[in-house]
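Protein chains in written order, with numbering that gives the first Met the number 0: chain U, 0 to 260; chain G, 0 to 260; chain B, 0 to 260; chain R, 0 to 260.
A few of these clues could be false.
Given that identical chains are not distinguished, each listed pair holds provided it fits within a single copy or across any two copies.
[What the hints assert, rightly or not] Restricting the straight-line Cα-Cα distance to at most 35 Å, the calculated cross-link-like pairs of lysine-lysine (DSBU-like) are: (1) 180 to 127; (2) 255 to 2; (3) 53 to 43; (4) 127 to 2; (5) 180 to 227; (6) 43 to 61; (7) 162 to 93; (8) 162 to 16; (9) 55 to 162; (10) 56 to 151; (11) 61 to 72; (12) 43 to 151; (13) 25 to 227; (14) 52 to 2; (15) 2 to 162; (16) 56 to 180.
If you are wondering where the hints come from, they were derived from the structure by calculation, not from laboratory data.
4 protein chains.
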Amino acid sequence: MIKEGDKVLLYGEDGSKFIITVEANKKKGTHLGHIDMEELIGKKFGEIIHIGKKRKKFFLLKPTFIDLIFSMKRKTQIIYPKDASYILFKLDVKPGDRIIDTGVGSGAMCGAFARVVGPHGKVYGYEKRKDFYALAQKNLKEWGLLENVEIKLRDIIYGFDEKEVNALLLDVPDPYNYLEKCWEALTGGGKIGIICPTTNQVQETLEKLYELPFVEIEVWENLMRKYKPVPQRLRPVDRMVAHTTYMIFATKVLEKTGGVL
Amino acid sequence: MIKEGDKVLLYGEDGSKFIITVEANKKKGTHLGHIDMEELIGKKFGEIIHIGKKRKKFFLLKPTFIDLIFSMKRKTQIIYPKDASYILFKLDVKPGDRIIDTGVGSGAMCGAFARVVGPHGKVYGYEKRKDFYALAQKNLKEWGLLENVEIKLRDIIYGFDEKEVNALLLDVPDPYNYLEKCWEALTGGGKIGIICPTTNQVQETLEKLYELPFVEIEVWENLMRKYKPVPQRLRPVDRMVAHTTYMIFATKVLEKTGGVL
Amino acid sequence: MIKEGDKVLLYGEDGSKFIITVEANKKKGTHLGHIDMEELIGKKFGEIIHIGKKRKKFFLLKPTFIDLIFSMKRKTQIIYPKDASYILFKLDVKPGDRIIDTGVGSGAMCGAFARVVGPHGKVYGYEKRKDFYALAQKNLKEWGLLENVEIKLRDIIYGFDEKEVNALLLDVPDPYNYLEKCWEALTGGGKIGIICPTTNQVQETLEKLYELPFVEIEVWENLMRKYKPVPQRLRPVDRMVAHTTYMIFATKVLEKTGGVL
Amino acid sequence: MIKEGDKVLLYGEDGSKFIITVEANKKKGTHLGHIDMEELIGKKFGEIIHIGKKRKKFFLLKPTFIDLIFSMKRKTQIIYPKDASYILFKLDVKPGDRIIDTGVGSGAMCGAFARVVGPHGKVYGYEKRKDFYALAQKNLKEWGLLENVEIKLRDIIYGFDEKEVNALLLDVPDPYNYLEKCWEALTGGGKIGIICPTTNQVQETLEKLYELPFVEIEVWENLMRKYKPVPQRLRPVDRMVAHTTYMIFATKVLEKTGGVL
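Excised from the complex, chain U in its bound form:
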């Protein structure tokens, strides 16, 4: 049952989509007319409401995490779902894990980590810009995920407070400058993921990685292609995202590798 305070994705028959937070006795204006929020309370997810004079149909859906991050206010480049999901898998994030995420940006990856590590885990976010820090706090609170996330307003040049974290995601313009600090924060066998939009960043980061005790160094990129879901004329869409980022992954070891990949 939908109740006050719930987030609801309104999915219109015209393909329009927007997310609202249900507040009793409030109205929400849309391009089709006003929605009386009172009307939503007590309805089930999956039901229909009608809006405006033309009685346009809107399905009431529960917003997914992907819906939330694409509808949030953001000031930074977002990590795309295709990459975010792969990072969670490659960093082997699981309930109970302790994770560092830096830079936090709009907070989407902090949220993605927080959902998986659960109540017995913890996410430590580092962000040096005040405006991003405030935005991430706001977003995570809105998603109900702030409880097991702690964001610190700090430059990572001074290193991390945590030790023995299970995994660390490094998403800054100059990742090669912080790899030693990252290594120090990780537990033995812990995983690092590094976001590098350009080939130059990948090259410089790899060079530094080989100087430190890391193994299983891998570089990946991910091309997702959507299809027009028309059974009689099945074919990919006309245009797609060509690039978001390269992703580097590596595993911390406790002794110098002597050149082992």
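Based on the hints, put chains G, B and R in the right spot on chain U.
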């Protein structure tokens, strides 16, 4: 500290990889010589041991879930990490969710779901073949993930016992024959994911999906490309996986859509 | 030396591009000001002219065939350079060849074939729509390629006049209906190329192809990705073409294959 | 009609392929038995012969240029058809053109250029290694394409003899060292294509290109994917080529660009 019963990934300086379960007073034969398991106990993940007369270095790593599924015994086509991770994200799987997975096959997706839904969630697996059923039970037990997974040896032609599940993954050769049963098991706003290796399956499945109350119907494919991690000569590897499967996603609604996508 | 009647690509320092045909004593208006065409005559390709009050620089370039087809008037979907060039190679088009192209559309592929078959070869175009026929005639004349192209205003349901052609390109919405006619027009060992934007067309076309004496049946698709040409931040562009068409290729033989691919 | 001296591609019902040159009164041994070449003479392309005791069917096909380059003896990395065909198009190669190709390697690109420029055009190949030079001569002679190709055994560090060539393909490990020499050889508005397998080569080459009078600087890569040609189960093949090379293209102008792309 590594202790008896732990799984350890041995990662050799020659690039070789294998997983062992630590048992006191046992030896494990490798292509380089015997490993005395006693020696591993009390070591930390990330440390090195030396094996054989040539004292070859092996790093002691904690196997990730990806390591586990690629090293398990399997008799079926596996869902690749690139697809498995995206499915988790698109089905919006989170702690506490109740999920159906069918067919179970070797149990890898059951395990992937189980890790995320955590102790307050539940995964229901349906598998009609006895040998797969037994294999999945064995694999999930080995991964320590059987606790919140229940596998049923049954053909899904008779439908599912569960109602109001949050999400359902359908991985069978003829998905178009079970969509009505899937719809019945899902909660309003719940998500279905469908594995279709061929374009013919996608077409037939889409046709049936449009006859049922589903919205947000999407078809995706995922091309992951690895790079040679050499900073002075950065370039993709020579060959890559060209295709694993198409993935269909949709959301259950409670009323007929009248042709809305 | 640039002379009257030459086509010139004006490539501006602001990235703008347009093609003009040089006519003495004429002026051409642009968004930056008038170009006195007289001024171009006698200049070399690669030189600069200045336009307008702000003396904006424009390089004088010789338009390539790609420039010409992207700047032509067209009413139909164009075959992209990535596909057109591969088709030329797979159909093994060479000087002296006799080629059929159908449907002709805007004439771009007729032109591409004509350039390669040269003065001793011949391209036969079939087009059933009057407006396309007229447009293709106009475009090919403009490109100076009409001499060894003969376009026929005719539905291919009645077959082709030519026999023993070296290759044939079939670009119509229902290719599966004309494969027998195509087979009849080809020489033994001759090549057919078929344009199929959807998977459904590919499936239906393959089915018919296997019923006829064709071997070396192949299906391809081509993903071209452009990079931002910035040496310090080398990375792919943000968005790319996701799909143009699938391409089927096959070779005519003189006896039934009995199921040989 | 097949006659003495013709090259014939034998395409077997078991999918095997090989190319022979027809010589009267000779036999050719195959894995299935001997072929009496006499038997081929007078047959048409597309016809069948039967080989060996089991009377296995082989279709007589005319080898395409792709067949020839994949069956030739080669000591170097070949430029793949997907890239070779795109290069021909982007360099706007047409009958009558004068083209430089360096390094020549096994001669495949020289041959590809020679086929298009035709009898009124000319291809100048530069190759510094004696063994490659001899191999390319041999291959081009075999393909019947040596007439309008002239290969020079020389290091391009000393520049090119030709001036005002229409296009130039630069395929050497250190392209950034020869761009000035290339610029000198090209005509105004002429095209350069550069083969760079690694991102590092692309970066270094771009840097140098911007210092010289070149415009329309573009970087491309090409992913071709083949499908299993089975109409009832249409899907891509399992594995594909992940990378061959990046390709840079640019156009020579006669004056410094002052930073224009």
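Taking the hints in turn, this is what the structure says about them:
1. 180 to 127: within (16 Å within a copy, 49 Å between copies)
2. 255 to 2: Between. Shortest inter-copy distance 24 Å satisfies the 35 Å Cα cut-off; intra-copy 56 Å does not.
3. 53 to 43: within (23 Å within a copy, 65 Å between copies)
4. 127 to 2: neither (37 Å within a copy, 40 Å between copies)
5. 180 to 227: Classified as between; 25 Å across copies, 46 Å inside a copy.
6. 43 to 61: Close inside one copy (10 Å), not across copies (44 Å); limit 35 Å.
7. 162 to 93: both (18 Å within a copy, 27 Å between copies)
8. 162 to 16: So residue 162 and residue 16 pass the 35 Å test across copies only (27 Å; inside, 43 Å).
9. 55 to 162: between (55 Å within a copy, 30 Å between copies)
10. 56 to 151: neither (44 Å within a copy, 39 Å between copies)
11. 61 to 72: The answer is within: 19 Å in one copy meets 35 Å, while 38 Å across copies does not.
12. 43 to 151: For residue 43 and residue 151, the Cα distance is within 35 Å only across copies (29 Å; inside one copy 39 Å).
13. 25 to 227: The answer is neither: 38 Å in one copy and 48 Å across copies each exceed 35 Å.
14. 52 to 2: within (25 Å within a copy, 66 Å between copies)
15. 2 to 162: between (41 Å within a copy, 21 Å between copies)
16. 56 to 180: between (53 Å within a copy, 26 Å between copies)
Checked against the numbered hints above, the structure violates hints 4, 10, 13; every other hint is satisfied.
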